[in-house]
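> Protein sequence lines correspond, in order, to chains A, L and X. Be aware that the first sequence starts at 1, since it is given in the working numbering, and climbs by one per residue. Be aware that the second sequence starts at 230, since it is given in the working numbering, and climbs by one per residue. Be aware that the third sequence starts at 496, since it is given in the working numbering, and climbs by one per residue.
Because the hints were derived from the structure by calculation, they are not lab data. Please read these numbers as outputs of a predicted model, since none were measured by experiment. Hints may contain errors.
Below are the DSS-like pairs computed for lysine-lysine, each with C-alpha atoms no more than 27 Å apart in a straight line [what the hints assert, rightly or not]:
(1) 96(A) with 253(L)
(2) 395(L) with 890(X)
(3) 675(X) with 494(L)
(4) 890(X) with 941(X)
(5) 395(L) with 654(X)
(6) 339(L) with 1031(X)
(7) 294(L) with 1031(X)
(8) 270(L) with 96(A)
Facing chain X, according to a computed beta carbon distance under 7 Å, are these residues of chain L, among others [claimed, not checked]:
(9) 277
(10) 282
(11) 303
(12) 383
(13) 389
(14) 433
Backbone N, C-alpha and C define an ideal beta-carbon position, used for all residues, glycine too.
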Amino acid sequence: MAKGIFKSSLTKKYTMAATGLFLISFLVVHASINAMIFFNDGGKTFNEWGHFMGTNLIVRTMEIGLFAGLILHIVDGLVLFFQNRAARPVAYAYEKPNASSKWYSRSMAILGTLILFFLIIHLKDFWLKTRITGLTGEKHVFVNGVWMENLYSEMRLVFTELWVVIVYLLGCFSLFWHLLHGFRSAFQSLGWNQGQYGQIIAFSGDAFSVFISALFASMPVAMYLNLVH
Amino acid sequence: MTTLKYNHVVINNNMENGMNLTLKVWRQANAEAQGQMTEYKLGNVSPDMSFLEMMDVLNDGLIRKGEDPVTFDHDCREGICGMCSMFINGEAHGPNRGVTTCQLHMRSFKDGDTIYIEPWRSAGFPVIKDLMVDRSAFDRIQQAGGFVSVNTSGRTLDANAIPVPKADADKAFDAATCIGCGACVATCPNGSAMLFVGAKVSQFALLPQGHPERHDRVENMVKQMDAEGFGNCSNIGACEVKCPKSISIENIARMNREYMAANLKG
Amino acid sequence: MELINKIPDGPLDQKWTKYKNTARLVNPANKRNIDVIVVGTGLAGASAAASLAEMGYKVKALCFQDSPRRAHSIAAQGGINAAKNYMNDGDSTYRLFYDTIKGGDYRSREANVYRLAEVSANIIDQCVAQGVPFARDYGGLLDNRSFGGTQVSRTFYAKGQTGQQLLLGAYSAMSRQIGKGNITLLNRHEMLDVVVIDGKARGIIARNLVTGAIERHSAHAVALCTGGYGNVFFLSTNAMGSNVTAAWRAHKRGALMANPCFTQIHPTCIPVSGDHQSKLTLMSESLRNDGRIWVPKFKEDAEAIRAKKLKPTDLAEDRRDYYLERRYPAFGNLVPRDVASRAAKERCDAGFGVNATGEAVYLDFASSFERYGKQQATVKGLHNATHDEIIAMGKKVVEQKYGNLFQMYEQIVAENPYETPMMIYPAVHYTMGGLWVDYELMTTIKGCYACGEANFSDHGANRLGASALMQGLADGYFVLPYTIGNYLADEISTGKISTDAPEFVAAEDNVRKQIESLFNNNGTVPVDHFHRKLGKIIWDYCGMARSEEGLKFAISEIQKIREDFFKNARIPGVQNGMNPELEKAMRVADFIDLGELMCKDALERNESCGGHFREEYQTEEGEALRVDDVYNYVAAWEFTGNPSAPILNKEPLVYDNIKVQSRSYK
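Please construct the entire structure, taking both the sequences and the accompanying hints into account.
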């Protein structure tokens, strides 16, 4: 492998794309498991899966990889952001950027930052409690002969506050725009945008962004409005 | 720092019933000088004029008043040499699609309009004077690998010895129509030159003549591109919209593949 | 001056081979110590610079643009001829040679033209090897199309951008050598003088256009590949920067200027729209395959159209005059460029022009819409198609063939050519005249060469379509690289040439003085004013039709413009920095001198041939009348120090292989 590759602008692109797709795969898993709350079985299935994810050794190892991927995505994004700013030392006096591109494509750094803020709140709400400080509500539940952490009741508890629900909705909103560009951008960066494949990727990306963001957003809303039980 | 003394110059030419325009033009005496936007009022502009002919009228008036005319790059004035390079009203080559500044006509504007005219802005394109920038970075990228290494002996294979599928030939041609104007860089919010480089890499990658050196070519060209101070591509796509030859960002994707293949192969 | 053209002995088809086999060579170790300057980076310059550098010479390449890729060869649309006979339609080297000589109205050198035809096939091979994306058919092989003035399909093309693709090919070859350090590129540099020491070109004086520095560059040979001088007309299809300065400065140092009055006026350009016009745009000649050219038959209709009281589509067939079809039934709308141009001028001068200025004729596609539409209806089996449906289908076919040209027209004129006929008018496009060169492409200054449009060589009095690209690349890739060695073989022991020689000092001083005098005249009028005035005079009196009276008047007017220019031109800005007005002023000064010489040349040539049409010398039907027994020569003009008093030298043209005939397109 040539030495220059680690410094190259294209390697930064590949890194962004690869970590982005990895994070997208995490979103799929995360959303699928969370969607178990809609079984309306008092959180039984959801808690079972939550327990599996929290205790399985392979999953726990992958969690380290997930954090590493996230940090790489952030650091690479920041490097790109500052390098790109330096590439135009004198700004235009008058610019009409919307004439040629979408605002969200140009705002990946700010959208990413918003998602990061949301993520910190989100991690404090759930991950920190399950891993370190302990749950605040009904701590354990007995399912199929196993005592496990009652994440379902924690969710119900967290989403009783309206402002929390709003913060989560804003998070999903940022995620939607971030994905709308990020999904197809990742494929373009990896060189998979070509002719009809490009159209398939574009359509899948749009559909995915809508679906995954709406799915996530529906959870706090459903809990707040007592639509799940 | 150089201050320009001729703010608000009013110029009328001898044509009748034209448009009255306010021009806000970037004036910068040379590469080292500090520049600034300067305002000109220009009267009686015919809608049939090209944008550069409007600039000619402005300059004619400035010279007659004893002022320094606005310097800008231009040559063929038919959209193929790639020399003209103005950022007009917030867009590279002005408001229209698929055209260069020299193909833009004043009928795209209306009486009373204010028009901002600025040079390409990029760390890779330093300003020489006023609206004229130095684009030799593109030449250096080309010199790094944008060629097929064949000497001009005239004793190469017969031109028809290697058939090239029409689809590939057409795609190579589309990539090869790049005029090297730099609108992609000027438009890109990141100041990236990847559409330019992607187009050149694609042209040769699509043709059998370019295959033997394809890996070295893409590596060397990307390396030079990075060294010139251009930004990174984040797939915003503004470049293909403002490219006067409508070159597709599929060419950037192809470059990405080529570069990856080159490095995986080692 | 005795003109020795150095044409080798022997049969026509063996001259070039014989020359190559006997020309002296320079060994690789010596080439490294030999400097060559190439001025201009169009097809001829870029290909010459790349080839010479590959051979091992140390090359310096100059262009006034910001990059070699901008040279105006890039704007050529149609294609490049080559005698490949891929279409199996009977083409051969001899036929290409014959067509070129005939197209040039028997005013070019046989040996040069034959060599051009001979190397034409190599050009295509070379360009394909470089990755030039020529048009291909579905089998993956190269496609050809036909062009005016020939009966075979030998034109290779890349959509309507053949010049661009060929130039980028040459530019990439050149870039490769720049990257290797074999070529030093001096972009934004303009050559302002040739330095001649002991009768040999030893370098040049150039101005760095960014810093304004006057630089001396020495070399063992200088090649001028600086294109044509069409911009002497101010309005032409040339780029704004195209100029005669390098060639003219060489002329002033002893290089003869040949046939300067041979200029080509292209019939299908977009007409002038007003006083602000800065340049003209060509519409490819290929449009004449499907468009029919006409003007109103009656003057009152023409007047109504000019006053916008009548639309062309309102005019019934019997009120239209398809004048080319009327005058030239055999060739119709496909007569050669010079004939079509003159016929348009004749109708407009007679008061039948159709735009506000009265200088435009119609190019009408209506009958093609119908013809192609009916064809489509038949192919698709639509026997009951309405007239509107047929026309719509026909428009689709025309769009596929010429869509980009129609779009270009609409952008400039703001009229939809699918709905109303296009308006066209002839415009200056190419100059066949140029620096006199011998068979080796050397001018009358030893060691100073001229290639491509800058020399007078191969096109005689009229150039055929798709031949300019061929000649530029032939000179640069395949001729100069061989012939230059024959001269440089004597230079291997010369060593590095010092730029401190008194000739360099004097030449630099001369340039500085000219610049200072332009700055210090306290004028008030922009340079373009004089250029427009000069262009108008030359267009009116030394354009499509010339007369003794008009030319004499033009000469006196040009002399007045010269005086006025040096007194009243204002050069704003600084000497020591970027100053486009100064660049223009120096170019216009040379155009003024050249313009006068063109008129003198046209006055001297008492015949009509190709692009040179003297009103006194025409047949009863108004066709060109050549006078072969007197004017079958190359007029090579020598500079005497006074631009108004040049000396005429003649190189007789000898035709051993072709019978000289008169052209007929009736």
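> Now, for every hint given, state plainly whether the structure supports it.
Each hint, compared with the structure:
For the proposed pair residue 96(A) and residue 253(L), the alpha carbon gap of about 15 Å is at most 27 Å, so the pair holds. A hinted pair counts as satisfied when its Cα atoms are at most 27 Å apart, and residue 395(L) with residue 890(X) qualifies at roughly 25 Å. For the hint pairing residue 675(X) with residue 494(L), the CA-to-CA distance comes to about 25 Å; that is within 27 Å, so the pair holds. Restraint check for residue 890(X) and residue 941(X): the C-alpha separation of about 57 Å exceeds 27 Å, so the hint is violated.
Proximity of residue 395(L) to residue 654(X) is assessed by CA-CA distance (about 13 Å); at most 27 Å being required, the pair is judged to hold. At most 27 Å may separate the alpha-carbon atoms for a hinted pair to count; residue 339(L) and residue 1031(X) exceed this at roughly 31 Å. Proximity of residue 294(L) to residue 1031(X) is assessed by CA-CA distance (about 25 Å); at most 27 Å being required, the pair is judged to hold. Taken as a hint, the residue 270(L) and residue 96(A) pair is honoured in the structure, with Cα atoms around 23 Å apart against an allowance of 27 Å.
Checking residue 277(L) against chain X: minimum C-beta separation of about 5 Å stays under 7 Å; hint holds. Interface hint status for residue 282(L): upheld, as the beta-carbon distance to the closest one in chain X is roughly 5 Å, under 7 Å. The beta carbon of residue 303(L) comes within 6 Å of a beta carbon in chain X, closer than 7 Å, and the hint placing it at the interface holds. Taking 7 Å as the C-beta cut-off, the interface hint given for residue 383(L) holds, the closest approach to chain X being about 4 Å.
Interface restraint check for residue 389(L): the shortest CB-CB distance to chain X comes to about 5 Å, inside 7 Å, so the restraint holds. Checking residue 433(L) against chain X by beta carbon gives a least distance of about 5 Å; that is within 7 Å, so the hint holds.
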